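410 is the number that the working numbering gives to position 130 of the sequence shown; each next residue is one higher, with no gaps.
The set of hints was computed from the structure by calculation and includes no laboratory data.
Any given hint might turn out to be false.
Pairs of lysine to aspartate or glutamate, EDC-like flavour, derived with a Cα cap of 20 Å [as the list claims (entries may be wrong)]:
| # | residue 1 | residue 2 |
| --- | --- | --- |
| 1 | Lys386 | Asp319 |
| 2 | Lys282 | Glu385 |
| 3 | Lys386 | Glu360 |
| 4 | Lys386 | Asp362 |
| 5 | Lys386 | Glu361 |
| 6 | Lys386 | Asp366 |
| 7 | Lys282 | Glu363 |
| 8 | Lys282 | Asp383 |
| 9 | Lys282 | Asp365 |
| 10 | Lys282 | Asp366 |
| 11 | Lys386 | Asp290 |
| 12 | Lys386 | Glu320 |
| 13 | Lys386 | Glu363 |
| 14 | Lys282 | Glu361 |
| 15 | Lys282 | Glu360 |
| 16 | Lys386 | Asp321 |
| 17 | Lys386 | Glu353 |
| 18 | Lys282 | Asp362 |
| 19 | Lys386 | Glu354 |
As the structure is a prediction and not an experimental result, all values here were calculated from the model.
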Amino acid sequence: MKISQCMSRDLRVATLDNSLQSAAQIMSEIDCGFVPVADEDRLVGVITDRDIAIRGVARGLQPGAPVSEAMSEEILYCFEEDEADDVLGNMGDLQLRRMPVLDREKRLVGIVSITDLATHGEAAAAGAALGEIARPSDVHSQHQ
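Using the sequences and the accompanying hints, generate a full structural model.
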């Protein structure tokens with residue numbers, strides 16, 4: 281199955297000059313802890329609830345501070361024509377629960393999550409990927 285068959289195309293994005301508070305409000309409205317950050321139709325980063333807490337609040341940023349001050353600029357993504365099982369393996373290796381989806385012109389076209397993949401016939405592979413995501417890792421260590 282191709283990612284385009286199971287990804288969500290209903291996107292909410294933040295811009296570089298959106299405030300941390302507005303990004304948090306978007307997350308609240310869509311009940312998700314992840315929002316892509318775009319400059320027009322180009323993905324330039326992501327902001328997560330964890331970014332807001334750790335890179336924002338913990339460093340003393342105010343709610344009106346721009347998203348650009350706390351977002352993750354390292355962009356991990358997949359393409360809409362990628363195979364679902366390949367993306368699931370990659371998500372497990374990278375310990376990601378969701379991933380932006382780009383077209384071949386590298387324009388943001390969707391988001392794919394473990395849940396999207398599990399509900400579209402990839403339940404066993406999604407379970408294996410979730411096991412990898414949940415494993416302890418130095419990448420996300422709180423002791424660094």
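Status of the hints after comparison with the structure:
{"no.": "1", "hint": "Lys386 with Asp319", "in the structure": "holds, 12 Å"}
{"no.": "2", "hint": "Lys282 with Glu385", "in the structure": "holds, 17 Å"}
{"no.": "3", "hint": "Lys386 with Glu360", "in the structure": "holds, 10 Å"}
{"no.": "4", "hint": "Lys386 with Asp362", "in the structure": "holds, 13 Å"}
{"no.": "5", "hint": "Lys386 with Glu361", "in the structure": "holds, 12 Å"}
{"no.": "6", "hint": "Lys386 with Asp366", "in the structure": "holds, 19 Å"}
{"no.": "7", "hint": "Lys282 with Glu363", "in the structure": "holds, 5 Å"}
{"no.": "8", "hint": "Lys282 with Asp383", "in the structure": "holds, 12 Å"}
{"no.": "9", "hint": "Lys282 with Asp365", "in the structure": "holds, 9 Å"}
{"no.": "10", "hint": "Lys282 with Asp366", "in the structure": "holds, 10 Å"}
{"no.": "11", "hint": "Lys386 with Asp290", "in the structure": "holds, 17 Å"}
{"no.": "12", "hint": "Lys386 with Glu320", "in the structure": "holds, 12 Å"}
{"no.": "13", "hint": "Lys386 with Glu363", "in the structure": "holds, 17 Å"}
{"no.": "14", "hint": "Lys282 with Glu361", "in the structure": "holds, 5 Å"}
{"no.": "15", "hint": "Lys282 with Glu360", "in the structure": "holds, 7 Å"}
{"no.": "16", "hint": "Lys386 with Asp321", "in the structure": "holds, 9 Å"}
{"no.": "17", "hint": "Lys386 with Glu353", "in the structure": "holds, 15 Å"}
{"no.": "18", "hint": "Lys282 with Asp362", "in the structure": "holds, 6 Å"}
{"no.": "19", "hint": "Lys386 with Glu354", "in the structure": "holds, 15 Å"}
This entry satisfies every hint, going by the numbered hints stated previously.
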